[in-house]
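J.: One letter stands for each residue in the lines below.
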Amino acid sequence: MLAAHAQTGGRFTLKGTVTDTSGAVLPEATIMLLLPKDSSLVNFGRTGKDGSFEMKNLKRVTYIFKVSYVGYVPYQEIINPENKEVVDIGKAKMKVLQKELYEVVIKTARAPLSIRGDTVEFDAKAFKVPPGSSVEDLLRKLPGVQVDGDGNIRAQGEEIKRVTVDGKRFFGDDPKMATKNLPAEAINKVQVFNGKTEQAKATGVDDGKREKTMNLELKDSHKKGGFGKAVAGVGTDSRLEGKVSYNRFNEKQQFAVLGFGNNTNQSGIARNDYQDFKGSQSFNWGDDGDFGFSSGRYYGGDDITIQPNWGGQGSEGFTKNWAGGANYNYDTKKTKLSTSYFYNSTRSITDVRTSSENFLTDNSSYLTDGKNKTLAFTGNHRPAFRFEHNIDSLNTLILISNSRINGGDNEYSSETRSYRNEGMLTNRSDVNNLSDYNSFAMANLLLYRHKFKKKGRNFAASVGYNINNSDEDRRQNSVNQFLQDSTKNSVINQLQQTESTRGNFKGSLSFVEPFAKKFFWETFYNYSMRKDKVDRDVFDVEGSVNEVNPFLTRYYTNDFTFNRLGTSVRYSHKGLNLAVGLAGVQFDLRGKFALDESQQNMTRVDRTFKKMVPNVSLNYSLKNNKYLYAEYGLNVREPSITDLQPIVDNSNPLYIVEGNPDLIPQTTHNAYAGFNMFNPASFTNLYINAYYNYNEDQIVYNRTISADLVTTTKPMNISGGDNYGTYIGFGFPLKKTKATFGVNTGISFSNNLTYINNVKNETKTDGYNFGARLDLTPSDAFTLYTNANWNISNTEYSINTNQNQKILNANYNAEMNIKMPKEIYFSGRLNYRSYKNDQFGFNQQVPILNLSVYKLILKNKKGEIRFTANDVFKRNLGITQNANQNYYSERRVATLSRYFMLSFTYNMRGMTASVKRNGFF
Amino acid sequence: MAISSSPLFAQNLEGEITYEKVMRWTAIYSRLTFLSNEEKGRIEQTWGKDDESKTKMVLYFNEKQSCYTYPKVIENEHGWSWSERDYKIYRNFEKETKTDVIGMLGKTYIVEDSLRIPTWKVMNKIKEIAGHMCMMAVTEDTVKGQKIAAWFANDLPVSGGPELYAGLPGMILELDVNDGDMVVTAIDIKMKPVAAEDINVPKKLKGRKINDKQYATLVSDHIQDSVKARRAPFWAMPY
Chain A
1 MLAAHAQTGG
11 RFTLKGTVTD
21 TSGAVLPEAT
31 IMLLLPKDSS
41 LVNFGRTGKD
51 GSFEMKNLKR
61 VTYIFKVSYV
71 GYVPYQEIIN
81 PENKEVVDIG
91 KAKMKVLQKE
101 LYEVVIKTAR
111 APLSIRGDTV
121 EFDAKAFKVP
131 PGSSVEDLLR
141 KLPGVQVDGD
151 GNIRAQGEEI
161 KRVTVDGKRF
171 FGDDPKMATK
181 NLPAEAINKV
191 QVFNGKTEQA
201 KATGVDDGKR
211 EKTMNLELKD
221 SHKKGGFGKA
231 VAGVGTDSRL
241 EGKVSYNRFN
251 EKQQFAVLGF
261 GNNTNQSGIA
271 RNDYQDFKGS
281 QSFNWGDDGD
291 FGFSSGRYYG
301 GDDITIQPNW
311 GGQGSEGFTK
321 NWAGGANYNY
331 DTKKTKLSTS
341 YFYNSTRSIT
351 DVRTSSENFL
361 TDNSSYLTDG
371 KNKTLAFTGN
381 HRPAFRFEHN
391 IDSLNTLILI
401 SNSRINGGDN
411 EYSSETRSYR
421 NEGMLTNRSD
431 VNNLSDYNSF
441 AMANLLLYRH
451 KFKKKGRNFA
461 ASVGYNINNS
471 DEDRRQNSVN
481 QFLQDSTKNS
491 VINQLQQTES
501 TRGNFKGSLS
511 FVEPFAKKFF
521 WETFYNYSMR
531 KDKVDRDVFD
541 VEGSVNEVNP
551 FLTRYYTNDF
561 TFNRLGTSVR
571 YSHKGLNLAV
581 GLAGVQFDLR
591 GKFALDESQQ
601 NMTRVDRTFK
611 KMVPNVSLNY
621 SLKNNKYLYA
631 EYGLNVREPS
641 ITDLQPIVDN
651 SNPLYIVEGN
661 PDLIPQTTHN
671 AYAGFNMFNP
681 ASFTNLYINA
691 YYNYNEDQIV
701 YNRTISADLV
711 TTTKPMNISG
721 GDNYGTYIGF
731 GFPLKKTKAT
741 FGVNTGISFS
751 NNLTYINNVK
761 NETKTDGYNF
771 GARLDLTPSD
781 AFTLYTNANW
791 NISNTEYSIN
801 TNQNQKILNA
811 NYNAEMNIKM
821 PKEIYFSGRL
831 NYRSYKNDQF
841 GFNQQVPILN
851 LSVYKLILKN
861 KKGEIRFTAN
871 DVFKRNLGIT
881 QNANQNYYSE
891 RRVATLSRYF
901 MLSFTYNMRG
911 MTASVKRNGF
921 F
Chain B
1001 MAISSSPLFA
1011 QNLEGEITYE
1021 KVMRWTAIYS
1031 RLTFLSNEEK
1041 GRIEQTWGKD
1051 DESKTKMVLY
1061 FNEKQSCYTY
1071 PKVIENEHGW
1081 SWSERDYKIY
1091 RNFEKETKTD
1101 VIGMLGKTYI
1111 VEDSLRIPTW
1121 KVMNKIKEIA
1131 GHMCMMAVTE
1141 DTVKGQKIAA
1151 WFANDLPVSG
1161 GPELYAGLPG
1171 MILELDVNDG
1181 DMVVTAIDIK
1191 MKPVAAEDIN
1201 VPKKLKGRKI
1211 NDKQYATLVS
1221 DHIQDSVKAR
1231 RAPFWAMPY
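Chains A and B, in that order, are what the protein sequence lines are.
Under the working numbering, read the first sequence as residues 1 to 921, first letter to last.
Under the working numbering, read the second sequence as residues 1001 to 1239, first letter to last.
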């Protein structure tokens, strides 16, 4: 403290009076003492009523004495105390801030004004000019700057000889080049100063001459060019892959193209590529236009737009994939426009071997095995459009229109054999199907949101119309032989022509009223009206004669109307959000069925269902990264119209599907609760959750199996099935940032009900899961991530108890990354799965090892060359098993296995390689 | 470094200032050293148009003390409430002490120490904020590695300010961290008597007591650990 050292003899006193240029005193002006080397503030005070000041006990060094006073240019003077006891600077005369500068820069533009030596700088962002204006237009607005008709610029009375952009020359020496051509919105700051002449710069000899120079500092966003990436790879087994992506974006516009092709089973769009393609329109919430809580909600439509592939494996079988598209976004605070087009196609070969065991009520079973092959092609064109306009701060309008035009063909052939007891062949079936299809789907939505002046009071309305029309021609050929009863043998040779149209009109309203500061009361209404029309003509083909098959030819229409009116109240305060609501739901199903459209007496289905659905939810964000949540709701699902139809579908003679017009909606009570915690200091985390679901009037498929092994299924309602379980996960660092350990465990119980040959069967499955993970990240040159998961599942059947089974699954993963000298990296991934089922004597081990070595090359690491070995052990056998409801099946698909690939990537922004995974950011 | 509250000036100065705190997340993310240019570009392209988050804060002050915290009524426009981490910054200019109640790193810390003023460099830049002519001063947060610019009012002679900053000849009406990453700007200044409970450090405070040095160690360790673990450090503490 300076005051505490008053006795030191080396100190001095500074005094004086602050006045304006006319000598009038300025009271209460701020006076400051700064150190000249870095302007650091060492002392400050105020002038008295008479404008005088006195600062005592000052250390004997040189100071900058600075005064600031509203409306005046800050005053500055160097104080050198030398040997004086008292330094009296007399009158510090302050100049009035040029009125023009004050009014324009400070008052109107709210821009900071800086006077730094001989540089006067304006923050150009603050000066509003219409969009599309040039820098010249902006300069005309700046105080102290004049631009004449020819574009010559004068600043502070002198002609500007040079204009630089970010300190560099801009296309030659003509100062007008930059000011006439650059857009005003690209400019961050305008600086005017006396620069050295070009000659002085060139020779390095300062000739003392100065030229008035103007520097335009560009906004960061206008410095951006595009960024893009290209990958090409060649592999053994004629594997090829390629991908190109390019983006360009600035303050207002974004443009992207993406294209890829491969025969390495990569059909989806990677998450990052999706985000680079869609840009600011990657994620839009609330675009479904459905309002209200989740209970009893009706979800219509399928994914018409492109979706990112959130990880996961490539497709099965062998596929060739092509995809490409372009996206354009225009994006301002007021208007957002996004349009895109994307095409993708996949040609696949799927070779499958199947075997299954079906258990019958009398403790007997039969076996089926078969093989089938599918050659398929599918292609999708997807135009998308989204327009969002903020009419003003209270009103927003969103218009969305997405389409999908799909076409494809399918060639399917199969051979199936069924055996009863000791390998006795009971029937065989050979099928050859060909189909050709195309479809058109479109989803349109208009959404309006209005905020009232009263904060929290909101109104929203949406209307939408969706179309989904399809057309399919299908040739079905099959030869079916029953070895014990040859009278049932059949040869089917059919042509099916199906034309279906769907139109879905929907609308939603929501009104939210806040009350008592902490409560929100929402009232909502949802309406949906869906019309389906299916016209299926089936012909029995004999030679060149097509004869109508009256059993399978159908014409039907279905109208499905959904109404939901609901209300909920939410308490929302200090992180606690508790909502309670109730809605009434009504479904109307109306259907007409006949042989063809012209028939008079059609079979009719006319059903109305009503249900009250409650919803309770709790979300509590507690202090210090703890989070508690719980929800109870009732989900209602109406029977599908196909299930309600009184039709027998025998297109597969061994598997006959029947409808049931007496079905009622299925309701599921679901409740879940959980707690999450994360300690960011210790990096410890804990997750706990539990769930319970109970089914009422669940729609299940009753199977009846005849003596000659023909299965007939029919949907029925049944109550009492349930499932529940819990999960706990805990992770903590063994050594912070170097080693992290985690464990998790879960248990689950489920009870599925079904009828087999009209006997109720319960399938109880108990699942026990345990997992552990260890991440070793000791350095920037080596990391090892490992995890293991064990799963035991016990399935018990109430009939056929001798078929009870225990399945043991284990899954081990390890990923090792090494950074070697010269920007060479190695990465190895092992996935080891084992599957054990004693009941069927099945014990399978699948180790999949992928290795890659890559090196960053080129200037700024823009290139990467990579060698990859996929499935080194050649063990990707594509095996899946399914044990369910008196049915066990196994499926093997011939799938892309070992191959080696050499690929090259070029990234305009430079490649980065890290052995560490990204954490949460 | 001395603060002489000038005897020349003895006016009754007390009131409350409402600030708007604006965070610009793309700018903040672009400082994460472990993200690649491509990842930064992706964040900017996806979120750049909609990356600001705004909150209101209040500073209660008189000539001797100040307290900076959340407003008493937090506007809840979207019908959803998140818990706020503890953040009460008490300053006593007369006793030259400070008490910061800060929820960070999964705990509530109480930083009690003498009031140390950063080395302010006063610049020749002026602008108007909420009707007051302000002058710019800059300093540096060496712990978090941030560039700080403060705009202080000549005609509000209280050495207070928002966040953890104070010690200029006038009230800080705008604080700019890292060239716009976070900008705290006064939007409303009311000169009125301030209730004692709004400005006095409560007798009982829950939390772990630490001093400035311990605070600096905690923060810098956390930043280092986070960067090593390739995590964003700022989710666990005030920016």
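Keep in mind the hints are simulated off the structure, nothing from the lab.
From a predicted model like this one, the values you see are computed outputs, not experimental measurements.
The reader is advised that the hints may include incorrect statements.
[Stated by the list, open to error] Computed beta-carbon distance windows for the label pairs: (1) B:T1018 <-> A:D38: 29 to 37 Å; (2) A:F519 <-> B:G1131: 30 to 38 Å; (3) B:G1131 <-> A:E159: 33 to 41 Å; (4) A:N395 <-> B:T1097: 49 to 57 Å; (5) B:T1097 <-> A:L618: 35 to 43 Å.
[Said to hold, decoys possible] With the C-beta cut set under 10 Å, the calculated list includes, among others, these residues of chain A facing chain B: (6) S39; (7) F44; (8) E522; (9) T523; (10) P614; (11) V648; (12) N650; (13) K736; (14) S903.
Think of the CB as a built atom: it goes at the ideal place given N, C-alpha and C, for glycine as much as any other residue.
J.: Please go over all the hints and tell whether each is borne out by the structure.
T.: Now the hints, each set against the structure:
For the pair T1018 (chain B) and D38 (chain A), the supplied restraint of 29 to 37 Å holds, since their beta-carbon distance comes to about 33 Å. Judged by the Cβ atoms, the range 30 to 38 Å given for F519 (chain A) and G1131 (chain B) holds: they are separated by roughly 37 Å. Taking 33 to 41 Å as the suggested C-beta distance range, the pair G1131 (chain B) and E159 (chain A) conforms, at roughly 37 Å. N395 (chain A) and T1097 (chain B) have their C-beta atoms about 51 Å apart, which keeps the hinted 49 to 57 Å range intact.
The supplied range of 35 to 43 Å is met by T1097 (chain B) and L618 (chain A), whose beta-carbon atoms lie about 42 Å from each other. Against a cut-off of 10 Å between C-beta atoms, the interface hint on S39 (chain A) holds, since the closest Cβ of chain B lies about 4 Å away. The interface hint given for F44 (chain A) is met, as the beta carbon of that residue sits about 4 Å from the closest beta carbon of chain B, less than 10 Å. Annotation: E522 (chain A) was flagged as interfacial toward chain B, and the flag holds, the nearest CB pair being 8 Å apart, inside 10 Å.
Because the smallest distance between the Cβ of T523 (chain A) and any Cβ of chain B comes to about 13 Å, over 10 Å, the interface hint for this residue is violated. A cut of 10 Å between beta carbons decides the hint on P614 (chain A): the least distance to chain B is about 20 Å, and the hint is violated. Interface restraint check: V648 (chain A) against chain B, minimum CB-CB distance 52 Å, threshold 10 Å, status violated. For N650 (chain A), the shortest C-beta to C-beta distance to chain B is roughly 52 Å, which exceeds 10 Å, and the interface hint is violated.
Checking K736 (chain A) against chain B: minimum C-beta separation of about 6 Å stays under 10 Å; hint holds. Contact between S903 (chain A) and chain B, as hinted, is not supported at the beta carbon level, the nearest pair being about 17 Å apart and thus beyond 10 Å.
Comparing the model with each numbered hint stated earlier shows that hints 9, 10, 11, 12 and 14 do not hold.
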